[in-house]
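Peer 1: Residue numbers (the UniProt record's numbering), protein chains in the order written: chain V, 1 to 314; chain U, 1 to 507; chain Z, 1 to 349.
FYI, nobody ran anything at the bench for these hints, they're computed from the structure. Backbone N, C-alpha and C fix where the C-beta goes; we use that ideal spot for every residue, glycine too. Warning: the hint list may mix true and false statements.
Pair by pair, the computed Cβ-Cβ distance ranges are [said to hold, decoys possible]: (1) ALA250(U) with ARG300(V): 14 to 22 angstroms; (2) LYS380(U) with ARG346(Z): 41 to 49 angstroms; (3) ARG316(Z) with GLN361(U): 58 to 66 angstroms; (4) ARG300(V) with GLN266(U): 13 to 21 angstroms.
The calculated lysine to any residue pairs, modelled on SDA-like cross-linking and capped at a C-alpha distance of 25 angstroms, are [to be verified]: (5) LYS73(U) with ALA196(V); (6) LYS169(Z) with LEU281(V); (7) LYS73(U) with GLY191(V); (8) LYS121(U) with THR96(U); (9) LYS120(U) with TYR166(V); (10) LYS61(U) with GLY72(U).
Residues per chain, in single letters:
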Amino acid sequence: MSALMDILASAGLWAAVLRIATPLILGTLGALLCERSGVLNLGIEGIMTFGAMIGWLAVYNGADLWTGILVAAVAGGVFGFLHAVLTVTLGLSQHVSGLGVTLFASSFSYYVFRLMVPVAGTPPTVEPFQPIAIPGLSDLPFFGPAFFTQTPPTYLAILIALILAYVIFRTPLGLAIRMAGENPHAAEAQGINPMAVRYGAVIAGSALMGVGGAFLTLSAFNSFFPTMVQGRGWICIALVVFASWRPGRALLGALLFAFFDGFQLRLQTALNGAVPYQLFLMIPYILSIVALAVMARRARVPQALMQPYRRGER
Amino acid sequence: MSEAVLEISGVSKRFGTNLANDNISLSLAKGEIVALLGENGAGKTTLMSILFGHYVPDTGKVSVMGEDLPPGKPRAAIRAGIGMVHQHFSLAPNLTVLENVMTGTESLWSLASNVSAARKKLMAISGRFGLRVDPDARLGDLSVGEQQRVEILKALYNDARILVLDEPTAVLTNIEAEKLFSTLKDMARQGLSLIFISHKLDEVMATADRIVVLRGGKLVAERKAADTSKAELAELMVGRAVHRPVRDAATPGETVLEAVGVTVRQDGVDRLKAVDFHLRAGEVLGIIGVSGNGQTVLAQLLSGTAQRSAGDLVLYGHGIGDLTVAEAVEAGIGRIPEDRNREGAIGEMAIWENAVLERIQRFSRHGLVDRRAGIAFAKKIIEGFDVRGGTPVSRIRLLSGGNMQKLILGRNLIERPRILLAAQPARGLDEGAVAAVHERILEARRAGTAVLLISEDLEEVMALADRIQAIVGGRLSPPVKAEDVDARRLGLMMAGEWEKEQVAHAV
Amino acid sequence: MRFERREHRPAALVIATPVIAVIAALAVAGVLIAFAGAPVLTAYWKILTGAFGSRLSTTETLTRAAPLMLTGLAAAIAFRARLWNIGAEGQFYFGAIAVAAASAHLFGGLPSLLQIPILFVVGAIAGMVLLLFPLWLRLRFSVDEVVTTLLLNFVAILFVSMLIDGVLKDPTAFGWPQSEAVADAARLPKLLARSRLHIGLAIAVVLALVVHFVQSRTVFGLQSRAAGLNPAGAGFAGVPLARTLVIVAMMSGGLAGLAGAIEVMGVKGYVTTDLSPGYGYSGIVVAMLANLNPLGVVLAALFTAIMFVGADGMSRSMGIPTYIADVTVALSLISMLIAVFFTQYRISR
Chain V
1 MSALMDILAS
11 AGLWAAVLRI
21 ATPLILGTLG
31 ALLCERSGVL
41 NLGIEGIMTF
51 GAMIGWLAVY
61 NGADLWTGIL
71 VAAVAGGVFG
81 FLHAVLTVTL
91 GLSQHVSGLG
101 VTLFASSFSY
111 YVFRLMVPVA
121 GTPPTVEPFQ
131 PIAIPGLSDL
141 PFFGPAFFTQ
151 TPPTYLAILI
161 ALILAYVIFR
171 TPLGLAIRMA
181 GENPHAAEAQ
191 GINPMAVRYG
201 AVIAGSALMG
211 VGGAFLTLSA
221 FNSFFPTMVQ
231 GRGWICIALV
241 VFASWRPGRA
251 LLGALLFAFF
261 DGFQLRLQTA
271 LNGAVPYQLF
281 LMIPYILSIV
291 ALAVMARRAR
301 VPQALMQPYR
311 RGER
Chain U
1 MSEAVLEISG
11 VSKRFGTNLA
21 NDNISLSLAK
31 GEIVALLGEN
41 GAGKTTLMSI
51 LFGHYVPDTG
61 KVSVMGEDLP
71 PGKPRAAIRA
81 GIGMVHQHFS
91 LAPNLTVLEN
101 VMTGTESLWS
111 LASNVSAARK
121 KLMAISGRFG
131 LRVDPDARLG
141 DLSVGEQQRV
151 EILKALYNDA
161 RILVLDEPTA
171 VLTNIEAEKL
181 FSTLKDMARQ
191 GLSLIFISHK
201 LDEVMATADR
211 IVVLRGGKLV
221 AERKAADTSK
231 AELAELMVGR
241 AVHRPVRDAA
251 TPGETVLEAV
261 GVTVRQDGVD
271 RLKAVDFHLR
281 AGEVLGIIGV
291 SGNGQTVLAQ
301 LLSGTAQRSA
311 GDLVLYGHGI
321 GDLTVAEAVE
331 AGIGRIPEDR
341 NREGAIGEMA
351 IWENAVLERI
361 QRFSRHGLVD
371 RRAGIAFAKK
381 IIEGFDVRGG
391 TPVSRIRLLS
401 GGNMQKLILG
411 RNLIERPRIL
421 LAAQPARGLD
431 EGAVAAVHER
441 ILEARRAGTA
451 VLLISEDLEE
461 VMALADRIQA
471 IVGGRLSPPV
481 KAEDVDARRL
491 GLMMAGEWEK
501 EQVAHAV
Chain Z
1 MRFERREHRP
11 AALVIATPVI
21 AVIAALAVAG
31 VLIAFAGAPV
41 LTAYWKILTG
51 AFGSRLSTTE
61 TLTRAAPLML
71 TGLAAAIAFR
81 ARLWNIGAEG
91 QFYFGAIAVA
101 AASAHLFGGL
111 PSLLQIPILF
121 VVGAIAGMVL
131 LLFPLWLRLR
141 FSVDEVVTTL
151 LLNFVAILFV
161 SMLIDGVLKD
171 PTAFGWPQSE
181 AVADAARLPK
191 LLARSRLHIG
201 LAIAVVLALV
211 VHFVQSRTVF
221 GLQSRAAGLN
231 PAGAGFAGVP
241 LARTLVIVAM
251 MSGGLAGLAG
261 AIEVMGVKGY
271 VTTDLSPGYG
281 YSGIVVAMLA
291 NLNPLGVVLA
301 ALFTAIMFVG
311 ADGMSRSMGI
321 PTYIADVTVA
331 LSLISMLIAV
341 FFTQYRISR
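Only chain V is shown next, with the shape it has when bound in the complex (with noise of 0.2 angstroms):
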């Protein structure tokens, strides 16, 4: 029991959390913005993949960090950009489209990085980003270390969340988002072009999606090796759904799934190898589960989610 509250009150735990969640907040919040538009994006898996690679890659030969990741964005969005192109202009199955963009993205990534990177004993890394503890904040006691001793894009990471809740609330441009979203006939009815906020809400997402790819290589690890996104695109959908379409829960939802993932990790090292290893890797996917199964219902899906929209058609 002692053990259990060492690890709680470590400031290490709660660093670790934010770090765990910067991913998942970026992933989360691109899949929330496709799908508030009306687009299911399963490639996220892939173009998180794609994102680490590419942005640790323009990184590796000889890019300043800021760039890797103004790369990964870009690609991303290329990539979202073809989905749009499959699940919007074609009005495909967004399923079946998200799951060929995974697919494609990350065989891709990995032929990729092995044509740059030759193969090696131990795998080429890069210089990461460094925290940057916040001037006064960081020297709070506890707190300091634990919320504002972070690297830059973890502070990013946050700072998109709140502009996007904003958007999404707040501005003309988000309440076209979620007509879109709603019901694209009725923003066509506006003189809105639903086709168009849905290109642009997907190419953002996935931009956003290949960021948080781009924190695992370029912050959190220092190297890029295949499978390295470990699901964590899925959880992303799963974290949607958990918070109800909303960026601000969306927010608090990575942050608590992190806060298990971390406290998980403590909890294996503090136990020591007394129970599989195996059983804590689990427990952020089983939670995902737990998480739909509870919110599937209750939360106020996009009335136009999944459903292609062509003029004229209803």
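Chain V is fixed; fit chains U and Z onto it per the hints.
Peer 2: Showing chains U and Z alone in chain V's frame:
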């Protein structure tokens, strides 16, 4: 009349081989109400979609106040002052009234919505035309009538001077409809110009200044309301004298189905509340009501797709438990679903598969489908019920609405059912097909079938039904004899006013 | 640009669709090969000879095709009924580990003729169980099964990893995490002597024929197709929707579990966490390439196996990463989606 605010000139639009609009010209004056009358497929909706910029016409143009509108730009149409009130509301149930109204009214790139100004403007308009709503209510929580008010307010909020209403009374009770038309007349007096699309002769005659009749994509006539009659309009609309069949006297046989205090609960709501009715052989019982009052569940109950939570069903003199679809079909209940395309047919499957699916046990042996027998069955229906446009092996999606309905009728009636459930059997069909469907229903009645007709069309119910019950909020009125009621009385019943009336007429 | 639904689908176009899709995918992949600085046509030639150039490579390709056929069938059956089972990878591992456990601890003493069929059933049931859970979540809580089946893949593989590192760990494997081996009597007979090719291929082809028969001739086939195309219409016509989905899920999960069982019993003999090079995910592509037709699955699985085996050989000699095979397969899924679209729609103004 004063100057024309809207001018449609020489508009044509072709879809594949179908000429939906053929060189149509039309003008609208300030303060005028024009009715656009025509059957389904006459080209009304296409014309309005062109007017509103959803479609680009092949030839012709639209001008407002003398200025040509760029084709295919809804935004330009809105800016020119055209407002559209769609039949299927263009609203989002999850958003608030104000959000629905505000969508698209501000520049997409402005950094904040000016909510308070929008609220003020909405309340002003709502006061001016007597269209009261709560701007912060979630739209999905409003009644259908209120939602229509929002739809109209949305157009007015965009400073519409020309209002187009597509079948505005389709979802309203008579009383709500009357209120709506008095609001519309008031708007015209205040200087707005209105076009409303309809196929209901009564409301067209009562409300419009001028009536434009479309048929087969052509503008066939233009009449002042004062100079025409319902009979003339009917003939102009259909192009020939079509007579809907009307029932002759019947001698009802024994009661085949009786419902006593039946309640159906779905998702925690009582959709049917302790209803009583009985069906007799050789007789049509009409259930009249505005859609959304429990008709769907009543139809589901008898088709075997919904189960009751209280009450008794007595079928052929025996009380029964839950009725499944297979049992309903087996018991000789023919079922015509209210939504042909959703429930009545599986579009991508062949006609023969659609014909046998609900009685598959009879067309299979040891779990294997007897394809040959199925095709023969479909062929018999196609011939016997004059289904055109398909063979047994072609996909059912390729049939027109009327022919699809004939096939659905056929697969039920060919078996001589003892009970026929007909939910909105003529919805969305043109006059010719309506007459054919009605004839088949009356034929079944003559042959001794007990018919339950669920409809929102007064004329249809009065033509076919021997006895009538109104459905309101999941309750059924006591039955009245068709001879004893007129449209006004039925209208009151549809508004739920039967309790105040004496039930002396009840039979 | 707008799209108009085609009233009639030309039969030739429907048949040509997968061919066009594959060619398009190969063309795009060609660009990637060229980008790597290798001669494209030579690379494709090496893929072909890598897959069929020798008796060894040919049998290897066919051996690879067998599990792909089964996971492809699993996806095709489910997708046709609009059950989005993306969990074939996890179901594959469940089938595999169940068979290893059952043979090592329960039925190991039985003769082949008895043991092999029993193990097939065990593997299939294990796969079913893993799919019935997300189906239950869908029917009970309206949870989208796409995400749950995807997430369960990770859970399943971790679960297998835990077993082969724990209670089922092979004590003779020098500490490597691998399961105890199945009994010799559980090993599948070879189809061809002196090769890895086992009767799993024949079983997969026969099952494709069976599935085809069930879908095209039986009442269940008609009903499940109706349920997939239009649930409301099928329900109105008396198709028991939930029961149909459960049966579909049992077939789908069962086939994926069987794929895992056959792979263990036919090829490796024991389970590791790299038993499947993504057979479950590739099965989705196979099913889509086949346009969900069970006989088409056989051909699509062959194509996919050729790409994987051929790319291995090509990679060794030309220095192109083997991942080119995965890229091509994924691209062919996307191009197939687009191609199928254009059999249903045409471009109008």
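Peer 1: Hints first: check each against the structure and report whether it holds.
Peer 2: Evaluated hints:
The hinted window of 14 to 22 angstroms between ALA250(U) and ARG300(V) is violated, with their beta carbons roughly 51 angstroms apart. The hinted window of 41 to 49 angstroms between LYS380(U) and ARG346(Z) is violated, with their beta carbons roughly 35 angstroms apart. Between ARG316(Z) and GLN361(U) the beta carbon distance is about 59 angstroms. The supplied range of 58 to 66 angstroms therefore holds. At about 20 angstroms, the beta-carbon gap between ARG300(V) and GLN266(U) stays in the expected band of 13 to 21 angstroms.
Proposed proximity of LYS73(U) and ALA196(V) is supported: the alpha carbons are some 14 angstroms apart, at most 25 angstroms. A distance of roughly 19 angstroms separates the Cα atoms of LYS169(Z) and LEU281(V); the hinted pair therefore holds under the 25 angstroms criterion. Restraint check for LYS73(U) and GLY191(V): satisfied, since their Cα atoms lie roughly 8 angstroms apart, inside the 25 angstroms limit. Among the hinted pairs, LYS121(U) with THR96(U) is consistent with the structure: their alpha-carbon atoms are about 16 angstroms apart, no more than 25 angstroms.
Restraint check: the Cα-Cα separation between LYS120(U) and TYR166(V) comes to about 22 angstroms, which is no more than 25 angstroms; the hinted pair holds. Restraint check for LYS61(U) and GLY72(U): the C-alpha separation of about 11 angstroms stays at or below 25 angstroms, so the hint holds.
In summary, the structure is inconsistent with hints 1, 2 from the numbered list given earlier, while agreeing with the others.
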